[in-house]
Amino acid sequence: MASTEIDRYLNVDSQHVALDPEGYLIDLAAWTPAVAEALAAEEGRVLSEEHWEVIEVIRDFYSRYQASPAMRPLVKAVGQALGQEKGRSVHLMKLFPDSPAKVAARLAGLPKPANCL
Amino acid sequence: MILHILNRPPSSSLAYRDALVAMGSEDRLLLIEDGVLGAMTAQVRHFQAIDGRLFALREDLNARGLLGQCDASVQVVDVDGFVTLTEEADKTVSWF
Amino acid sequence: MRSHLPVTGDLLVILRQVPHGSSWLREGLDAALVAAAFGQSVTLLFQSDGVLALARGQQSGPLGQKGTAATLDMLEMYDIESLHFDLEALERFGLTQQDLLLPAAGVDASSIPQLIAGHRLVLTF
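Residue numbers (the UniProt record's numbering), protein chains in the order written: chain H, 1 to 117; chain F, 1 to 96; chain A, 1 to 125.
Errors might be hidden in some of the hints.
[Claimed, not checked] List time: in silico PhoX-like cross-link candidates among lysine-lysine, alpha-carbon distance up to 25 Å:
no., chain 1, residue 1, chain 2, residue 2
1, H, Lys112, H, Lys94
2, H, Lys86, H, Lys102
3, H, Lys76, H, Lys86
4, A, Lys66, H, Lys102
5, A, Lys66, H, Lys112
6, H, Lys112, H, Lys76
[Claimed, not checked] Counterexamples of contact, computed for chain F against chain A with all Cβ distances above 12 Å:
no., residue
7, Ala15
8, Glu33
9, Gln43
10, Gly52
11, Ala63
12, Gly65
13, Leu67
14, Gly68
15, Val76
16, Gly81
17, Phe82
18, Leu85
It should be emphasised that the hints constitute simulated quantities derived from the structure, not laboratory data. Quantities reported herein were computed from a predicted structural model and do not represent experimental measurements. Even for Gly, the Cβ is constructed at its ideal location relative to N, Cα and C.
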């Protein structure tokens, strides 16, 4: 769930972007592609074209359903948008290790998925 | 057999109607909390469709001073009886 | 569309409350989503006032509160596609299948016990 407790700020260009204790954006409207890159850089990741297309899918999902997807619906949405080859959990695990639904939501500037332990 | 549990009285809530519709021919209904008002002689007509399969929790009747008003057709059980009913059931469904 | 019984599954969630009136509908849908996210097969039954959750044209509340219509649209992404509604309740509100925002199967009151019997766990909201 989106938290309102500001834990720290991420410096992106000249902006200070507020993050909650788990690293999710406090203000979803503060997201830009540069914010995603800065969040990824903190994790030692560089975003590739394959990351960006998933970020776009998850942002579309959120704007349509007003909720961040758990893993299964994320896999389904990616499959529908990018083809079955990419709509597989191994592909997402490779791009966003550990917990793709959470990591991708965070980089996409969305709330933490609620239905995902 | 499924044990249905209802905690609202038929005098002010239609939850009892949803519960009755959802009951199979072997299922039982246990009235708890404010649901025990439905066990009173003046109210029990709402449950005539399940005559013989209606139960009410003694502790909740007692707390409300209604044990004496409980209709003879209702089987009164205490908390241990509640546990037994649960054990005898395949599953429980709550209505509120 | 009529429901073809028996319908079976791991979890049946019975939704009986109106959107916006309380948090019960949202909580019921959340329970369904969590179960589905963990691979359980989930069936929904919209009973009594709960049929109004399926009405077309829902919007946010007067104070901007999110409704549940977007969540209903999302069900298919969680593979929750076994949706049923209480035919009599829909008629009670003067609505027909055309007024619903999702394809759902109508069930007669007499079929509800079978729906309950066909699921391992039943939660009402």
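Evaluation of the provided hints:
| no. | hint | in the structure |
| --- | --- | --- |
| 1 | H:Lys112 x H:Lys94 | 20 Å, holds |
| 2 | H:Lys86 x H:Lys102 | 18 Å, holds |
| 3 | H:Lys76 x H:Lys86 | 10 Å, holds |
| 4 | A:Lys66 x H:Lys102 | 22 Å, holds |
| 5 | A:Lys66 x H:Lys112 | 17 Å, holds |
| 6 | H:Lys112 x H:Lys76 | 18 Å, holds |
| 7 | Ala15 | 8 Å, violated |
| 8 | Glu33 | 15 Å, holds |
| 9 | Gln43 | 20 Å, holds |
| 10 | Gly52 | 17 Å, holds |
| 11 | Ala63 | 24 Å, holds |
| 12 | Gly65 | 29 Å, holds |
| 13 | Leu67 | 28 Å, holds |
| 14 | Gly68 | 31 Å, holds |
| 15 | Val76 | 25 Å, holds |
| 16 | Gly81 | 22 Å, holds |
| 17 | Phe82 | 18 Å, holds |
| 18 | Leu85 | 16 Å, holds |
Against the hints set out earlier in the document, a violation occurs for number 7 only.
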